[in-house]
Amino acid sequence: MELKPLPAAASMLLVSVVALSFSMPAAAYAQAAQTPALDPTNAGKGVFSKANCVGCHKWHGNGGGGYGGDALSLRKTELTREQFIETVGCGRPGTAMPFFTRGAYDEVKCHDMNRQEAGAQMPPEGGTFLRPKDIEAVTDYVIAHIKGAGEPNYAECITFFGSASRACDIYKAQEQKPEDAVANTGKSK
Amino acid sequence: MERFSGHLRIGARARLLAVTVAAGGMMAALPASAADGVNQERLLNVDKEPGNWLHHHQNYAAHRFSTLKQITRDNVKNLKVAWTMHLGGVEGGGIWSHGGLEGTPIAENGFLYVTDGWGSVYKIDAHGGRGVLVWKMDPKTDHDWAGAVACCGVDNRGVALWGDLVISHTLDGRLIATNKETGQVKWQRTVADPDKGEVITGAPLIVKNMAITGVAGAEYGIRGWLAATDLTTEKEVWRTHTIPGKGEPGSETWKDNNNAAAAGGGSTWVTGSYDPAIDTIFWGTGNPGPDWDNAYRPGDNLYTDSSLALDANTGKIKWHYQHTPNDPYDYDSVAERVLVDVPGPSGPLKLALEADRNGFAYAIDRTTGKFVWGLPFVKKVTWTKGLDAETGKPIEYDPNKAVQTYVTSVTPSRTNMETDICPGNMGGKNWPPTAYNPDLKLWYIPVIESCNRIKVEVATPDKLKPREFWTGGGPSQPFKITGSVTAIDVTTGKIAGKLETPFPNLGGILATSDLVFTGQPSGEVMALDAKSLQKLWEFNTGGGVNAPPMTFTVDGKQYVAILVGLGGAWDKWFIDSTPELKKIQPGSMLYVFAL
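If you read the protein sequences in the order shown, they are chains A and B.
Each step along the first sequence adds one to the number in the numbering used here, with nothing skipped, and position 30 is 30.
Each step along the second sequence adds one to the number in the numbering used here, with nothing skipped, and position 361 is 361.
Bear in mind the hints are in silico, worked out from the structure with no lab data behind them.
No residue lacks a Cβ here, since even glycine has one placed at the ideal position from N, Cα and C.
Within a straight-line C-alpha distance of at most 35 Å, the following computed DSBU-like cross-link-like pairs (lysine-lysine) qualify:
#1 B:K463 - A:K50
#2 A:K109 - B:K480
#3 B:K255 - A:K172
#4 A:K50 - B:K480
#5 B:K318 - B:K380
#6 A:K177 - B:K235
#7 B:K255 - A:K177
#8 A:K133 - B:K572
#9 A:K50 - B:K455
#10 B:K80 - B:K535
#11 A:K172 - B:K246
#12 B:K235 - A:K172
#13 A:K133 - A:K45
#14 A:K76 - A:K45
#15 B:K186 - A:K172
#16 A:K50 - B:K583
#17 A:K45 - B:K572
#18 A:K76 - B:K582
#19 B:K140 - A:K45
#20 B:K494 - B:K393
#21 B:K316 - A:K177
#22 B:K455 - A:K45
#23 B:K583 - A:K45
#24 A:K50 - A:K133
#25 B:K140 - A:K172
#26 B:K186 - B:K140
#27 B:K463 - A:K45
#28 B:K463 - A:K177
Not close to chain B: a few residues of chain A, all C-beta gaps over 12 Å, as computed:
#29 Q83
#30 E107
#31 R115
#32 G119
#33 P132
#34 D134
My request is simple: use the sequences and hints to build the entire structure.
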């Protein structure tokens, strides 16, 4: 899916991101917005969906509490590329973040532990296994498009879902009438 | 062949009905084709057609009791699969990796009407000892839009029939009327709005040409409601919010400065019941939001966690009874109200029964809304020492306190940020329906024998965002969870029996004269003796039972049907408490059994 260049949205994001002092990812995001077709970081988007990262971190990566405990925000994370790759492959011991490398904690040591040593801290197995290339791709996707981004917006949402779903309408409404859409007012129709 | 004979018979019946209707001069406003369909008279008198299953909960009183007597305690051991049918709707969307089946089939004149999680409706011809798909209506539900704000799965609990229409809901907020013969959508209407975090999972309740719709979304900051749609004009007749507006009675029970009431929850996602004698609809309401930070919303938070009695014509609340004021546990009182009449000291008692997520079974006088009796139906309750014998409120409840703490050491709060509660937040009983045997006066509850751990996150107004969780914390599952079928003698308000099961009961119950049917998420469908709860028959479906059984006849022969396909909240949020269930695969299948 191509990201249409939306200068207004992009620059707004840049301002908010710089304000949060995440200048590197902001540059990456802006770059992605300008050269969508050639951007190799888009390849990991499919992995992000296929491996059900969206199940806890949501499409926008913000994660958050709720019934599923507390998935960390990939937008606010400070993990490096190497740490990302390790976390996706090995999961996070003691949390619900699954491992996605076939044989992790068995043939492949993780955090210097095997399954036995991990014991009760053993993370769950992902719903699908990812090859190293896929793990790098999803990492590069998250770093380029999610890490360091501010609040999710319409352009970003449409890039993820396309226009077939109404999943992004709420962001459009917020951008048009921000004062009315801050919170669910629960008003009757 | 069988289909033709079925249609011929319906044709004859239709002519007969048409004559009757013309003679009575009734229903003149309805189209002629409605005459052979379901009308209020038939919905009121389902006991006259025991081979059909016309209501979601079997009758208006939500008994889920069948008088069919071919399958008995003596021959149930011979029950076998008659036929099966694979359905669709397993695909994921939003935060869900797959859908599941929670529906109750509707049966009329040898045809079944079932739904999958995404709201596709299947009409199945069950004549001749096998199932043939007549049509499938796919509402093309917006998976990502709805699935992102469905707290607890890709679920649809079934349809209702009215005139020549099949009435159904979709997760993305629509009420749909489909032509019963052709499967073509006749009309549809948007009732709920996923942009506000609202979705629909329950089956509609049909009362006097109106479809009553409940809403889900108390984990997403909705303000709950019930809505009635006129099935002729397709217009809304009434909409009653379960959280009072500013200045309305009950608004004084929201004492915060955050406008918490506007996102206060009080969802209505389980189909209610109806008492025609007093023209009153009974419906339960869900938890207040944010779920676990009750200091954000001081006050009792009416009408969350309540039993509501509503005037069927206007939707006006006649009375309310709140079960867990200022709830800090996520203990919805959303379960079906089972309407029963039992002898009392001074004349018959007209009761509304409810098995609450808080672990207590309640009998409320359905005329006055007064508490009659209550008792724990789960093995372990830690959040309260019990109910006040007079009022039925938890004994620690203090009406002068803005923020309730109940058993303080157990209760999640801003000073008790991580704590274990029993029952767990999924409750002692969730949506899976109870059943009531009016001959034995026994009420059967599908129980989740549970505890879990709650971590509180302090809620602040800036954290309230459209389409994002609004829970003030979250649960985790460090404890093994099991289940039971628990029977309560309604004449005494005491437990009459408990059959413990290795897994929680996530499907619900069917009662017949001498049997109880139920299932397990590990795959078993089983029949129990109605009095002793002794297991008499079992069949492993190879999937996860997450839906209630029902029974019907075709060509004079009795069948038991159940949808099988584990989905819903359990296998995403609570699976760590039942690790063995991780091996249960997603599925979507209808099983039909016969002798």
